[in-house]
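There are 2 protein chains.
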Amino acid sequence: METTATQSNLLVKMILMAWDAQNNYLNKLISSLTDEQLSKEVSPGKNTGIYLLGHLIAVSDGMLPLLGFGDRLFPEMEEVFLKNPDKSGKNFPSVSELKQRLKTVNAKLNTHFQSTDVDGWLSRHTVVSPEDFAKEPHRNKLNVVITRTGHMAYHIGQMRLLN
Amino acid sequence: METTATQSNLLVKMILMAWDAQNNYLNKLISSLTDEQLSKEVSPGKNTGIYLLGHLIAVSDGMLPLLGFGDRLFPEMEEVFLKNPDKSGKNFPSVSELKQRLKTVNAKLNTHFQSTDVDGWLSRHTVVSPEDFAKEPHRNKLNVVITRTGHMAYHIGQMRLLN
Numbered sequence: 092m093e094t095t096a097t098q099s100n101l102l103v104k105m106i107l108m109a110w111d112a113q114n115n116y117l118n119k120l121i122s123s124l125t126d127e128q129l130s131k132e133v134s135p136g137k138n139t140g141i142y143l144l145g146h147l148i149a150v151s152d153g154m155l156p157l158l159g160f161g162d163r164l165f166p167e168m169e170e171v172f173l174k175n176p177d178k179s180g181k182n183f184p185s186v187s188e189l190k191q192r193l194k195t196v197n198a199k200l201n202t203h204f205q206s207t208d209v210d211g212w213l214s215r216h217t218v219v220s221p222e223d224f225a226k227e228p229h230r231n232k233l234n235v236v237i238t239r240t241g242h243m244a245y246h247i248g249q250m251r252l253l254n
Numbered sequence: 092m093e094t095t096a097t098q099s100n101l102l103v104k105m106i107l108m109a110w111d112a113q114n115n116y117l118n119k120l121i122s123s124l125t126d127e128q129l130s131k132e133v134s135p136g137k138n139t140g141i142y143l144l145g146h147l148i149a150v151s152d153g154m155l156p157l158l159g160f161g162d163r164l165f166p167e168m169e170e171v172f173l174k175n176p177d178k179s180g181k182n183f184p185s186v187s188e189l190k191q192r193l194k195t196v197n198a199k200l201n202t203h204f205q206s207t208d209v210d211g212w213l214s215r216h217t218v219v220s221p222e223d224f225a226k227e228p229h230r231n232k233l234n235v236v237i238t239r240t241g242h243m244a245y246h247i248g249q250m251r252l253l254n
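Going down the list, the sequences are from chains A and B.
Heads up: the first sequence begins at 92 in our numbering, then just goes up one per residue.
Heads up: the second sequence begins at 92 in our numbering, then just goes up one per residue.
Do not rely on the hints blindly, as some may be mistaken.
For identical chains, the list gives no copy identity; a pair is met inside one copy or between any two copies.
What the hints assert, rightly or not - List time: in silico SDA-like cross-link candidates among lysine to any residue, alpha-carbon distance up to 20 Å:
1. Lys226 x Leu107
2. Lys104 x Asp208
3. Lys178 x Gly211
4. Lys104 x His229
5. Lys104 x Lys226
6. Lys194 x Leu124
7. Lys137 x Lys174
8. Lys104 x Ala225
9. Lys104 x Ser214
10. Lys174 x Leu155
11. Lys178 x Glu127
12. Lys190 x Pro166
13. Lys226 x Leu101
14. Lys226 x Ser123
No wet-lab data here; the hints were simulated from the structure.
All chains, please: the whole structure from these sequences, using the hints.
Here's what the structure looks like:
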């Protein structure tokens, strides 16, 4: 059987692979959709594809400060895609601009992901207090990746209905 | 910093917590939907809520043999909810029957989950060959839980459109 250090590395790798898999799926999905399809609601009266795309980018962008990797790259997206719902009347960037931002955010995240070791991943993220973290050590940086992976899958399932 | 054995245990726990979170979300969601809502399509021309619920149960049930925990509890669901699409003309169990099956499958899975240690989780599942597993040790039992968690989130996102 493997050493426990190898086991920890493998477990971290598996979690990051699941994150990558969802991102790859998202990229493939948005490549397969026309701008017109993305502008449609995923179901009558529900969010549009473009809003969900912006929402996912804004959430990924927010992982930078949350994980201590730096400031948001597109802070203005928070207002449009997180604090406000679809059809708020706010202007959305174009689909091609959003696709570019998705690439930019993921490239930045990946650089940091690759230089984070197991101890770094299991350290406290910036929103949990040291006191709470002492009691709940699962509230670490890697857990943010796990929950965000599920969040992305949830919205990909909806965006998948556009084609 | 924690010992690496503690780290491995924590990482496994985080992955199982993500699985539980999706299952809790699914339970909450189906409790909030009427039978009539569940019988509707999540978007025009797409799958119905009841088909997706059956599909998720059949996938979870399939984890029993895949993880070496025993036979499927509801093998007949494979034909209806995995091998055939919605509106295949096959009879579906009632919503209340499906809700009961979901509980039964999850109870059985949980019993096994709780008695599996880190070495067990990182061992080979029944579909990957020993040769492939030697090259790709991430294709272990716990990785099945990770991918199924994402799969569940994907369909929950769709079922969420029913209310």
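A quick look at each hint next to the structure:
When the C-alpha separation of lysine 226 and leucine 107 is checked against a cutoff of 20 Å, the pair qualifies only between copies, where the shortest distance is 18 Å, while the shortest distance within a copy is 25 Å. In this homomeric assembly, lysine 104 and aspartate 208 come within 20 Å of each other (Cα to Cα) both inside a single copy, at 10 Å, and across copies, at 19 Å. With identical chains, the CA atoms of lysine 178 and glycine 211 are never at most 20 Å apart, being 39 Å at best within one copy and 49 Å at best between copies. Within a single copy, lysine 104 and histidine 229 get their C-alpha atoms as close as 17 Å, and across copies as close as 8 Å, so both meet the 20 Å cut-off.
Within a single copy, lysine 104 and lysine 226 get their C-alpha atoms only as close as 25 Å, which misses the 20 Å cut-off; across copies the closest is 15 Å, which meets it. For a Cα distance limit of 20 Å, the shortest separation of lysine 194 from leucine 124 inside one copy, 17 Å, qualifies, whereas the shortest one across copies, 37 Å, does not. Within a single copy, lysine 137 and lysine 174 get their C-alpha atoms as close as 17 Å, which meets the 20 Å cut-off; across copies the closest is 30 Å, which misses it. For a Cα distance limit of 20 Å, the shortest separation of lysine 104 from alanine 225 across copies, 16 Å, qualifies, whereas the shortest one inside one copy, 24 Å, does not.
Proximity of lysine 104 to serine 214 under the C-alpha cut-off of 20 Å is found in both arrangements, the shortest distances being 16 Å within a copy and 15 Å between copies. In this assembly of identical chains, the alpha carbons of lysine 174 and leucine 155 lie at most 20 Å apart only when taken from the same copy (18 Å versus 42 Å across copies). Only within a single protomer do lysine 178 and glutamate 127 lie at most 20 Å apart by alpha-carbon distance; the minimum there is 16 Å, versus 28 Å between protomers. In the homo-oligomer, the alpha carbons of lysine 190 and proline 166 lie at most 20 Å apart inside one protomer (16 Å), although the nearest pairing across protomers, at 43 Å, exceeds that limit.
Taking CA atoms no more than 20 Å apart as the test, lysine 226 paired with leucine 101 passes between copies only; the shortest distance there is 13 Å, against 25 Å inside one copy. In this homomeric assembly, lysine 226 and serine 123 never come within 20 Å of each other (Cα to Cα): the closest approach is 45 Å inside a single copy and 33 Å across copies.
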